[in-house]
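Each chain is listed here by its residues.
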Amino acid sequence: MRKSYVISLLFVGVVIFACSSSRKNSYVFPTEMSSSVQASYKEICDKGKVLYDIHCAHCHTTKKWGKELIPDFTSSQLEAYRIRIANERHEPIMNDEQVPAEDLGMIMTFLTYKSKSGIVVNQKNLDNH
Amino acid sequence: MVRKVVFSVFLLTSLFFIFSFHQEETTNTYVKYYLQQINAFKQIEKELVQTIKDSKNLNSVQTKMQVQASLQASRNKLKAIDFWLRYLDPLSHKKINGPLPVEWETEVFEKFEKPYKREGAGLTLAYLYLEEEKIEPQELVGLIQKSLDASDSYLNDSITRELNSYHHFYLCNRLFLLNLASIYTTGFECPDAESIIPELEQLLVQTEIIYLKYNESYPETALNNNYLNLYSKALQFVKTQSQDFNKFNHYSFIKDFVNPLFGLNQEMILKYKVSSRSLVDYSLNKQATSIFSKNLYFGQNPKGIFNRVKDPEVLAQIEAVGKLLFYDPILSGNNERSCASCHNPNSYFTQTELPSSESFDHKGFLGRNTPTLLNAQFNHLLMADGSQYTLQMQANAVITNPVEMGGNENEFVEKVLSCKDYKKVFSQLIKQTPQETKITKEHIVSAITYYYSKFSLHTSPFDLAMNNQIELDESVQGGFNIFMSKAQCATCHFAPHFNGVKPPYVGSEFEILGVPADTNYSSISPDKGRYEINPSDETLHAFRTGTLRNIAQTKPYMHNGVFNTLEQVVSFYNNGGGVGHGLLVPNQTLSGDSLHLSLEEQVQLIKFMETLTEDIPKETPPNQLPVSSNAMYKNRIVGGIY
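Protein chains in written order, with the numbering used here: chain U, 2 to 130; chain X, -15 to 626.
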C-alpha cells in the first residue's frame, strides 16, 4: 500500500517535471548573435510558440511519453509564401485573414530557432495537391 | 528456351506499349493545346526577331510598318494565351508584356521585403520604341528577346504540371474576369488606342477555345452551360459594339456580362472545391459573389492583434473601446488632439476645411492633406508615400509623429491604462491574445483600426447599379464610359476599388503627376513623396494612387490638398498634369498631352464620381471619456480641441 503510494507520488513528480520542462522553451541561436538581439529574438520565439500551438500543433506536433515533439522544418520549407500554399489543407486555415504576415513571421522565427527534435518533415506531404 | 525469349520480348513490348499509352493519356487535349499555343507564340516571336535582324534599314517607313504589323501579330497571339500567362507566372508575364520601362514592384508578398526594381521588357515597350525617332535594331531585338526568354518559363515542369488538375483553370479564369472589369478595356497595356477593342475581341474569342478544350478534358469539373451561354452573349455584345474604345459601352459590358460571369465562376470555385497553389491568391475571397462587393478583397487586417477573435460579444467590446480611443485625446502628447480631430467620422473620416490640418504646435500646417480612413483597408501599402504596411503601423505612426499627435510610444499605453475603464476592458481582452503577456500598444491601435474599419463596408449607388439593384442615369453611365476610356482614369484608378490596387490585389501603384504647389502652377509641389521611402529617379514626387470612393465628399484633393473642387482636378488631368501646365517633370507618368475632354464630358465624369459616394452612417461621439487616475489627464475633451 505504502509502496504504491510512493510509486504514484514519484509518477506524479515525473509528470510534473516532464510538463514543466516541456513548457520551458529552449532555442538555439547562432553564437555570433549578440545577447541583446538574442533576448529580443527569444521574446519573438516565445510568442511564435504560442501561435504555433494555436495554428500548427494540431497537425504537426507529435507526442511521445508526454513530451511534445515539434518537427524540424528546413529553411526552404519555412519560406513564408510556401507555408501558405504548399499544403492543400493550409489554404483555408493559413490565409492572410487567419494568420496575418506578422503572426506568420513569429511562427517562422520560432521554428527556425527552436532546438532540434530530430523529427524530419515528410517532403511528400508538403508537395501533395 | 526460344519460347521463353519470345515470350519475354512480347511481354516487354506490350509493357512498353502500355507505358507509352499511359503517357499519352496524361497529356490530354487541354494540355496539348496549351503546349501547342505556347510554342506557336514562341515561333511568332522568333520570326519577329528574324524580321528585324533581316531588315536593312529599320528607320525607313516601309520596314517600320512591316515590323509594326509583325509586332501586332505577336500581340494577337499573346491574347490567345493571356488567360494562362498572367496567372501561372505573373513575373514572366510582365517580361512578355510589361507596360513601363522601369517599375518598382511593391507586391512584396509577405510585406517583409523591400520593393524591387524591374527593367521593362516585352511587346508593348517594343511597340512604343518603334515610335522613337532613331531606332537601334539591337535595342529593339533586346526587348523582344527578353519576352522570348520569359516565354520559355511557361514550358517548365513546375508550371505544366499545374495543368494536370482542374484547380488552376478556375483561378486563371477568376483573374481573367477581374481584369476584364479592370484593365482589358482601358488600354492599360495597349500602346495603340485603336487596337484596344480588336484585341479585346481576339482575347475573348481565343479564351472561348481554351474553355472548350478544358471542358473536353475535364468533363467532371466542366464550366457549366449557364456560364458558356452568357460568355457567348458577351462575345456577341463586343462584336456589335464600336471598335473605338471611346464609344464602347464599358458600363453594360461589366454590369451585364463580366460581373455575372464572375459570380458564376465563384460558384464553381466553391462547388468544385478549387484550391490554390499560387502565391497571389491570398488576397481574394472565394465567398464573394460580385466584383463590386466589399468582401472580394481581404486587403488589410483591421482586427490587428485581435485577429483570431470571432465571438460577436468580444468584437463588440473591442469596437466600443476602439470608438472611445478614437475620440480620446489622451493618445496625443498634450492630451488635446484625437484621431477624430482630423479624421472626423461625420465628415467621411477626414477634414474638408483646409488643404492640410494644423500642425501639433498650432504654428503651421502639415505637409499633406488628410486622407479619408474609409476604404483605407483596401490597400497593399498605406500613406501617400506607402511608408506603412499595416493599419496598425499607420495608426501608431500618426500617434507618435511629433507634428501630428506628438505622442510617445512608451507613454501612451501607460496613459491609457491610467483610466480604470480602459484597464478593465484590456485586462479582459488580453485573454484573446495568448502570445502577449502584457497590454501593449498593439492592443490599443488594433481596437482603433477595428472600430473605424466597419465604416468601410458600405456601398455606393454605383455598386448597387453594378449589382443590378438600381438604375443609373444615362449621363452617369456615359461618365463611367469616359472614365474607362478617353479620360484614361481607369488605367490608374482600377475598378472596383478605384485606387492603385489592380487584380490580383497584391501591390500598390504610385504615379508622378506633377501636382503644383499652388493653383497658379508657380512650381511643382516640393514634397518628394515615395522618394523619401525608396529613393530613385522613378520615385521622385511619386504618390500612391488613392481611392476615388467618396471622392465628392472628401475635398480638398491631391496629396497637398491644392485643388478644392473636382472640376479643378479634372481640368488638371485634362490638360496634361504638371507637364501640360508648363512645369518641368521629367519623370511624369501621366501623359503631358491634353485628353481633349469636352466640357460636357467633364461634367459627366464628375457625375459618375459622385455615384461613388457610400452610404456612411452618421456617428454620435461618446458622451464622456474614461476617467484617469492621474490628475494631469483629467480634463480631456471628447474629440480634442484642434
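No wet-lab data here; the hints were simulated from the structure. Watch out, some of these pointers could steer you wrong.
To be verified - Below, a list of computed lysine to aspartate or glutamate pairs in the EDC-like style, where the Cα atoms sit at most 20 Å apart:
no.	chain 1	residue 1	chain 2	residue 2
1	X	K425	U	E44
2	U	K43	X	D136
3	X	K257	U	D54
4	X	K294	U	E89
5	X	K438	U	E98
6	X	K270	U	E44
7	U	K115	X	E426
8	X	K255	U	D54
9	X	K278	U	D47
10	X	K294	U	E80
11	X	K415	U	D47
12	X	K415	U	D54
13	X	K98	U	D54
14	X	K255	U	E80
15	X	K270	U	D97
16	X	K257	U	E44
17	X	K415	U	E44
18	X	K294	U	D54
19	U	K43	X	E426
20	X	K257	U	D47
21	X	K270	U	D47
Hints and how they fare:
For the hint pairing X:K425 with U:E44, the CA-to-CA distance comes to about 16 Å; that is within 20 Å, so the pair holds. Simply put, U:K43 and X:D136 have alpha-carbon atoms about 45 Å apart, too far for the 20 Å limit, and the pair is violated. Of the pairs offered as hints, the one joining X:K257 and U:D54 is violated, with about 27 Å between alpha carbons and a cut-off of 20 Å exceeded. Under the criterion of a C-alpha separation no larger than 20 Å, the hint pairing X:K294 with U:E89 is inconsistent with the structure, at around 24 Å.
Only pairs whose Cα atoms come within 20 Å are accepted, and X:K438 paired with U:E98 is accepted, the gap being roughly 16 Å. At roughly 36 Å between alpha-carbon atoms, X:K270 and U:E44 are farther apart than 20 Å, so this suggested pair is violated. Restraint check for U:K115 and X:E426: the C-alpha separation of about 25 Å exceeds 20 Å, so the hint is violated. Restraint check: the Cα-Cα separation between X:K255 and U:D54 comes to about 32 Å, which exceeds 20 Å; the hinted pair is violated.
Restraint check: the Cα-Cα separation between X:K278 and U:D47 comes to about 36 Å, which exceeds 20 Å; the hinted pair is violated. Among the hinted pairs, X:K294 with U:E80 is inconsistent with the structure: their alpha-carbon atoms are about 28 Å apart, more than 20 Å. Between X:K415 and U:D47 the CA atoms are separated by roughly 16 Å; this keeps the pair inside 20 Å, and the hint holds. With a CA separation close to 15 Å, the supplied pair X:K415 and U:D54 stays within the 20 Å bound.
For the given pair, X:K98 sits about 30 Å from U:D54 by alpha-carbon distance, which is inconsistent with the 20 Å threshold. A distance of roughly 30 Å separates the Cα atoms of X:K255 and U:E80; the hinted pair therefore is violated under the 20 Å criterion. Distance hint between X:K270 and U:D97 is fulfilled; the C-alpha atoms sit about 13 Å from each other, no more than 20 Å. For the hint pairing X:K257 with U:E44, the CA-to-CA distance comes to about 39 Å; that exceeds 20 Å, so the pair is violated.
Among the hinted pairs, X:K415 with U:E44 is consistent with the structure: their alpha-carbon atoms are about 18 Å apart, no more than 20 Å. Our distance criterion of 20 Å between C-alpha atoms is met by X:K294 and U:D54, whose separation comes to about 18 Å. For the proposed pair U:K43 and X:E426, the alpha carbon gap of about 19 Å is at most 20 Å, so the pair holds. Taking the CA atoms of X:K257 and U:D47, the gap is about 36 Å. The hint is violated against a cut of 20 Å.
A hinted pair counts as satisfied when its Cα atoms are at most 20 Å apart, and X:K270 with U:D47 does not qualify at roughly 33 Å.
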